[in-house]
Amino acid sequence: MKFGIVTFPGSNCDYDAFHAVTEVLGEEAVYLWHKDHDLQGADVVVLPGGFSYGDYLRAGAIARFSPIMQEVIAHAKSGGPVLGICNGFQIACEAGLLPGALMRNRDMKFISTPLLVRVENSGTLFTNRYTDGEILRLPVAHGEGRYFAPPPVLDELEQDGRVIFRYVTASGERTSAANPNGSERDIAGIVSEDGNVLGMMPHPERACSPLLGSEDGVRLLESILARVAA
Amino acid sequence: MAQVAARPGDPVITPALIAEHGINDTEYTRLVAMLGRTPTFTELGIVSALWSEHCSYKHSRPLLRTLPTKASWVLQGPGENAGVISIGDGLAVAFKIESHNHPSAVEPYQGAATGVGGILRDVFTMGARPIAMLNSLRFGSLDSARVRYLFAGVVKGIGDYGNCVGIPTVAGEIAFDPAYEGNPLVNAMCVGLLHEEDLIRAKAEGVGNPIIAVGARTGRDGIHGASFASEDLSAASDAKRPRIQVGDPFTEKLLLEVSLELIKSGHIVAIQDMGAAGLTSSSAEMAERGDVGVTIDAAKVPTREAGMSPYEILLSESQERMLVVALKGHEQDVVDILTRWDLSAAVIGEVIAEPVYRVTENGAVVAEFPGSRLVTECPSYSPKAREAPAIAMLRGKDPLSIAERAEESDPVWTLEQMLSSPTIASKAWAHRQYDSTVRTSTVIGPGEGDAAVIRVRGTRKALALKTDCNGRYVYLDPRMGGRIAVAEAARNVACTGARPMAITNCLNFGNPTRPEVFYQLKEAVAGMGEACRALETPVTSGNVSLYNESPSGAVYPTPVIGMVGLIEDIDHVTRSVFSNDGDAILLLGDTLAELGGSEYLSRIHGTVLGAPPQCDPARERRLIDSLLDAIKAGYVASAHDCSDGGLAVCIAESCIGNSDELYGASIDLTALGDLPARALLYSESQARILISTTAPDAVAAAAKSAGVPCRRIGTVKRATKVIEFKLRSRQFSAPLARLAAAYHDAIPNIMARTPEHAATDLQSAGAA
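Chains as they are written, first to last, in my numbering: chain A, 335 to 564; chain B, 1140 to 1907.
Simulated from the structure, these hints should not be mistaken for lab results.
Glycine included, C-beta positions come from ideal geometry on N, C-alpha and C.
Hints are not guaranteed to be accurate.
Stated by the list, open to error - Taking beta-carbon pairs under 10 angstroms as the criterion, some of the chain A residues facing chain B (in silico): (1) Asn-346; (2) Tyr-390; (3) Ser-412; (4) Gly-434; (5) Pro-473; (6) Gly-477; (7) Phe-482.
As the list claims (entries may be wrong) - Calculated cross-link-like contacts (lysine-lysine; reagent style DSS-like; alpha-carbon spacing at most 27 angstroms): (8) Lys-1771(B) - Lys-1860(B); (9) Lys-443(A) - Lys-1566(B); (10) Lys-1342(B) - Lys-369(A).
I would like the entire structure built from these sequences, with the hints used as guidance.
As structure tokens, this is what we get:
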């Protein structure tokens, strides 16, 4: 299976995603240059973390207009899997692939820390190797990760089982302290209506080795592999 | 030599103008002799920048020459953009530390951010990909609103810049002391990884080769930044805010990728950051290293606004610019690479055979210096050195003559006070604002161990990185303080399982023309040299920041050491917190009554006096060798350097350092002799390391044969919620919850006192 990892000029987690796919998952990965109109036959597109075009205006606001994003949008519309991590989540929202927006963190500070998320729906393309209610340890590193959408949209996301990850405590409780950025309803990750686009603020690609503190992210990649390769 | 004429509209050279450029009479005479005529305004500007302390090291060069710089693993010593050492397997590490103190004192956010940007460029212009950032920060007391504003701004500036470029900020240290009130220290260190064959030096070569300006356009910001960094801070410093540059980390990220691509491409022969003194220093230094002439046409430099004079163009410190010497005929290849990254390039000059440094403007020569004398003939001073009698007197005082405070009758109170001292307390408030896990190689991140550990992909190896310096020690006894700075950094990297390899240093001192300051500089450098020789950690690069004085006086002399250590096998990585119930707790090294300059005196008694702890570099070497042997043998579960705050703080940190998992312990110090309790608990004797192990007898036997004192002082007890201390004079039990709250909540609680908007108000009011 082939993963295409988009490289915007300010992407800085493209390298990490590349290594997670090739070294940990053992699958093929290619970098997709933002100025190109070519997905190089990738089965799965990864929108990695970073600062796409500097993000001085608003995270992801310019990236959606880049040549490669036109192809990514077409790929998503035809049901192709897209994994948006951190800045990739922001870009997916800006590009209309996912509802809502990511705002500045509640305390207006960048936050970098390992934290816990609960798997809310293990029936998706991205989570089928997890179990419902399982708690994962994943790092976050973002300044604009506060998920926002109007209440009716949030209700719909919840009703349709599209909220995939939530910030929780070690005992699985939702508390204000466990929510690092003030996201609505403690949302850490959501999928699109068709379930083929995942946006999440935590970094699964940084949780692929016990040496670095967690390998809870590996099964997210394995989930995609299981579904797409099947 | 070409005819050099005064440029129409330029000011006339007067004694006042010369003085304003920080050039003294002797230096001016030297300049006129070199030129054989009166300098032009442009030439005066060039010389004022290149002969500033910041660029010329005129007060420190003779001292720096005494430091050891060589070892078989050193590929590049001082004099380049960064030092480089080999780590085997064809891989090398480039690293350097640099100060951005004065800009950060005036504009903390941009000052710190551009400090990070500058040091990143120094590393990637060696052909290395930056893999880690460290910061050594000093501030006044957090009780001051102004200091909280500076602290918050600096941390945010460091974070925003490094986070955007995508380089993990992984370690460093932060200390607070009123001595840094008016003049904080902001030192940034960058570490990069490269293949040995990609190493490139900033040396202009090849007559006819074009000189190309790359990256951001040149604006009027930062003009005379290097000179600003070479004078004392004063009430007028705020008016010099325009001398502070503004950072653009996105452009930096582009420059990083472009520079590495250019170096790999083979189209260029040299590349250098336009850092302090901008185009002037980068071009003059590259010419000097290559022993060639250069000519630069200022009119060809892309500028942000029309009408900039050669003077302004040459001295601008606009950020995110590089100077490249390309191979003749490969100009288009260079432009193609830049275009791919949406960066611009302009040919602005060339390497010439004639031994001159020449600047033209549309064909007219506006500045010309013979040969490389501009760099090589800058003045050098060895001023008088004399210890201040007041400091000698302070050193002579006996800390134990100070009566205990009434509260100290409760030993838990004292320990809580120590752990909540901002210098000791957890710095997670700052670390959480730094992306420390990007690049997925951070094994030990900030605050998680005695040093950061970064794995080296494709190998079993890892690097251990740390900065250190206790300015109080250097203040009280610069020779000893200089030794300790090196020794402590070495112990810290060794505690993670690394062999200390080499250092970079950042010498933050006051005004060197004052004999008592020059004495500190001289003695501290001598002490550093002694420790570096004993530990075989040569100095491969460095930076000198003098004139760190404000109206309230000089900062503590603070020669910060940035240490790189090598872990041969990732299995040897060792953490500083206890991790196994029942492990024996051992203390390597002797504890003496050494409370001079201690955190205990400062925190509990509000005073800095006495002789600092003694440091014997040979003993430090034996300790480190012995520790590394024990780690390699697999005996060591945790290792923690025992320094600031002494033994009690060290033990507590190993118990509560990981807030997710607290460990209790029972400690028996009766075997350590009959020192007064406070000396036993808080003395900062050097050459000590606290370890936990399942094999205490094996460790003790090995230590004994190596001549390292080793005593069992306790046992890790997971289930107990306390640390039990047994001394000859008293016994007490400290609840972990109280200690953890003191340690982890101290800085967040203090910082909650100043909301961000209040800090901004302070900034706009320019309050001091």
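Taking the hints in turn, this is what the structure says about them:
1. For Asn-346(A), the interface hint holds, since its Cβ comes within 10 angstroms of a Cβ in chain B; the closest pair sits about 2 angstroms apart.
2. A cut of 10 angstroms between beta carbons decides the hint on Tyr-390(A): the least distance to chain B is about 7 angstroms, and the hint holds.
3. Annotation: Ser-412(A) was flagged as interfacial toward chain B, and the flag is violated, the nearest CB pair being 29 angstroms apart, outside 10 angstroms.
4. For Gly-434(A), the suggested interface contact is broken, since its CB lies about 23 angstroms from the closest CB of chain B, more than 10 angstroms.
5. For Pro-473(A), the shortest C-beta to C-beta distance to chain B is roughly 5 angstroms, which falls under 10 angstroms, so the interface hint holds.
6. The beta carbon of Gly-477(A) comes within 7 angstroms of a beta carbon in chain B, closer than 10 angstroms, and the hint placing it at the interface holds.
7. Because the smallest distance between the Cβ of Phe-482(A) and any Cβ of chain B comes to about 21 angstroms, over 10 angstroms, the interface hint for this residue is violated.
8. At most 27 angstroms may separate the alpha-carbon atoms for a hinted pair to count; Lys-1771(B) and Lys-1860(B) exceed this at roughly 32 angstroms.
9. Distance restraint check for Lys-443(A) and Lys-1566(B): the Cα-Cα separation of roughly 15 angstroms lies within the 27 angstroms cut-off, and the hinted pair is therefore satisfied.
10. Between Lys-1342(B) and Lys-369(A) the CA atoms are separated by roughly 34 angstroms; this puts the pair beyond 27 angstroms, and the hint is violated.
Checked against the numbered hints listed earlier, the structure breaks hints 3, 4, 7, 8 and 10; every other hint is satisfied.
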